[in-house]
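Given the structure of chain A, go ahead and fit chain B onto it with the hints provided.
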Amino acid sequence: KQEVTQIPAALSVPEGENLVLNCSFTDSAIYNLQWFRQDPGKGLTSLLLIQSSQREQTSGRLNASLDKSSGRSTLYIAASQPGDSATYLCAGFTGTASKLTFGTGTRLQVTL
Amino acid sequence: DTGVSQDPRHKITKRGQNVTFRCDPISEHNRLYWYRQTLGQGPEFLTYFQNEAQLEKSRLLSDRFSAERPKGSFSTLEIQRTEQGDSAMYLCASSSKQGAANYGYTFGSGTRLTVV
Numbered sequence: 001k002q003e004v005t006q007i008p009a010a011l012s013v014p015e016g017e018n019l020v021l022n023c024s025f026t027d028s029a030i031y032n033l034q035w036f037r038q039d040p041g042k043g044l045t046s047l048l049l050i051q052s053s054q055r056e057q058t059s060g061r062l063n064a065s066l067d068k069s070s071g072r073s074t075l076y077i078a079a080s081q082p083g084d085s086a087t088y089l090c091a092g093f094t095g096t097a098s099k100l101t102f103g104t105g106t107r108l109q110v111t112l
Numbered sequence: 113d114t115g116v117s118q119d120p121r122h123k124i125t126k127r128g129q130n131v132t133f134r135c136d137p138i139s140e141h142n143r144l145y146w147y148r149q150t151l152g153q154g155p156e157f158l159t160y161f162q163n164e165a166q167l168e169k170s171r172l173l174s175d176r177f178s179a180e181r182p183k184g185s186f187s188t189l190e191i192q193r194t195e196q197g198d199s200a201m202y203l204c205a206s207s208s209k210q211g212a213a214n215y216g217y218t219f220g221s222g223t224r225l226t227v228v
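Residue numbers (my numbering), protein chains in the order written: chain A, 1 to 112; chain B, 113 to 228.
So here's chain A without its partners, still in its complex pose:
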């Protein structure tokens, strides 16, 4: 069974800290990976898409990496802000339909 694991499940940090969210996957058939943000009761907002050939993507204060050989991806958030508080989900692409297999997410709270 394809599995995507996210650690930690929850994280609370003071404003201004840099932090790393981890995502690991056991299915070698996962070829690309996308990180999403989800606010309570809302849909998913795309943050970064990493193709296996790229290994790393950056957008503003966010940087995501992908290492297929070890089955790991990380999302680095620099200088965290209270507005970053949300659940962060990683999802791996598989198959010709490009289906996503999601982790259960990391719930982040950034405090003042």
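Treat the hints loosely; a few may be bogus.
[As the list claims (entries may be wrong)] Computed Cβ-Cβ distance ranges for the label pairs, DEER-style:
#1 A:Arg55 x B:Gly128: 42 to 52 angstroms
#2 A:Tyr76 x B:Thr125: 16 to 26 angstroms
#3 B:Leu167 x A:Glu3: 22 to 32 angstroms
#4 A:Leu19 x B:Glu180: 40 to 50 angstroms
#5 B:Glu190 x A:Arg72: 37 to 47 angstroms
#6 B:Gln196 x A:Glu3: 21 to 31 angstroms
#7 B:Thr114 x A:Glu56: 42 to 52 angstroms
#8 B:Asn163 x A:Ser70: 30 to 40 angstroms
Since the hints were derived computationally from the structure, they do not count as laboratory data.
Here a beta-carbon is modelled for each residue, glycine too, at the ideal position from N, C-alpha and C.
Coordinates of chain B only, in the frame set by chain A:
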């Protein structure tokens, strides 16, 4: 075009009733996906359309569930004889014809279904 639209945002229904949800993808996107998310979990794949053709369905999509995408535009997801276990957030997403793997998914805001 402001993204993927889903309607309704919330639906409360009694057990045994039928419900239908609608998704309007980004207009130039030919690929459309439905996912289901229960509380505290990541979304799970339900089904996938390329244009009007339903190309893949998950085992999660029991015979009480049916999805359509007439003319390759909007899509509907119908649940017949709803059960309490159907309570979840139903998410729709679309991607361009170059493929989700190349350009990623755009999700809608979801329809939250509560079966009482």
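Here is what the structure says about each hint:
1. A:Arg55 x B:Gly128: 42 to 52 angstroms: 51 angstroms, holds
2. A:Tyr76 x B:Thr125: 16 to 26 angstroms: 42 angstroms, violated
3. B:Leu167 x A:Glu3: 22 to 32 angstroms: 24 angstroms, holds
4. A:Leu19 x B:Glu180: 40 to 50 angstroms: 43 angstroms, holds
5. B:Glu190 x A:Arg72: 37 to 47 angstroms: 39 angstroms, holds
6. B:Gln196 x A:Glu3: 21 to 31 angstroms: 27 angstroms, holds
7. B:Thr114 x A:Glu56: 42 to 52 angstroms: 30 angstroms, violated
8. B:Asn163 x A:Ser70: 30 to 40 angstroms: Given a distance of about 37 angstroms, which is inside 30 to 40 angstroms, the answer is holds.
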